[in-house]
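Q: Here are the chains, one letter per residue:
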Amino acid sequence: EAQVTQNPRYLITVTGKKLTVTCSQNMNHEYMSWYRQDPGLGLRQIYYSMNVEVTDKGDVPEGYKVSRKEKRNFPLILESPSPNQTSLYFCASSSGLFPPLHFGNGTRLTVT
Amino acid sequence: DQQVKQNSPSLSVQEGRISILNCDYTNSMFDYFLWYKKYPAEGPTFLISISSIKDKNEDGRFTVFLNKSAKHLSLHIVPSQPGDSAVYFCAAYTGNQFYFGTGTSLTVIP
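In order, the protein sequences belong to chains P and W.
Each residue of the first sequence is one higher than the one before, starting from 1 at the first, in this note's numbering.
Each residue of the second sequence is one higher than the one before, starting from 1001 at the first, in this note's numbering.
Hints are computed from structural coordinates only; laboratory data are not their basis.
Ideal Cβ positions, reconstructed from N, Cα and C, are used throughout, including at glycine.
Some clues are possibly wrong.
What the hints assert, rightly or not - Facing chain P, according to a computed beta carbon distance under 7 angstroms, are these residues of chain W, among others:
| # | residue |
| --- | --- |
| 1 | 1044 |
| 2 | 1048 |
| 3 | 1097 |
| 4 | 1100 |
| 5 | 1102 |
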């Protein structure tokens, strides 16, 4: 089944403790991206990647890192999480720029 | 600054009637627009899209209209069904990035 898989689905952590949210897609898509969803703000793009070893900042990249060492994986790294990064995070992929994005089921992160 | 806006946080419609969801944008460089549907505890799923060179696109019960002069996009669902109850996000694309609206929660009343 074609899908985007994020792990974990839920994560509670403390300020400053490094964490990684994994994202993997099995559709051989070039384009992958991360979004955060916050009440009243919709979905905002954090980072995106056009292909392996190519990443770019989205609208809200501060406090996040990504890597794209393999085509299928695009992990989101929070080196020193803060409470304002408490949010619902989505990973998405696409075979190109115009075809639609396929989203994972989300990761709800709480930073205390 | 929000480049894609959905000014109605919620909408209620009777089953069988038309649902109209609206979206406004500010960036004239957007060259592709999409609608996504989201159920609780799931990721958004693609519904329908339209290129900026078109003004209408239909797919079954769903039709998207684009008015470039007004920078306005709308999604029509006819007839509305209870299973359409979800949050709908409008999105626009330019420069390798997708920009999303804040979403409209649609409730279809049986």
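Q: For every hint, state whether the structure bears it out.
A: Results for each hint:
| no. | hint | verdict |
| --- | --- | --- |
| 1 | 1044 | holds (5 angstroms) |
| 2 | 1048 | violated (9 angstroms) |
| 3 | 1097 | holds (6 angstroms) |
| 4 | 1100 | holds (4 angstroms) |
| 5 | 1102 | holds (4 angstroms) |
Checked against the numbered hints above, the structure violates only hint 2.
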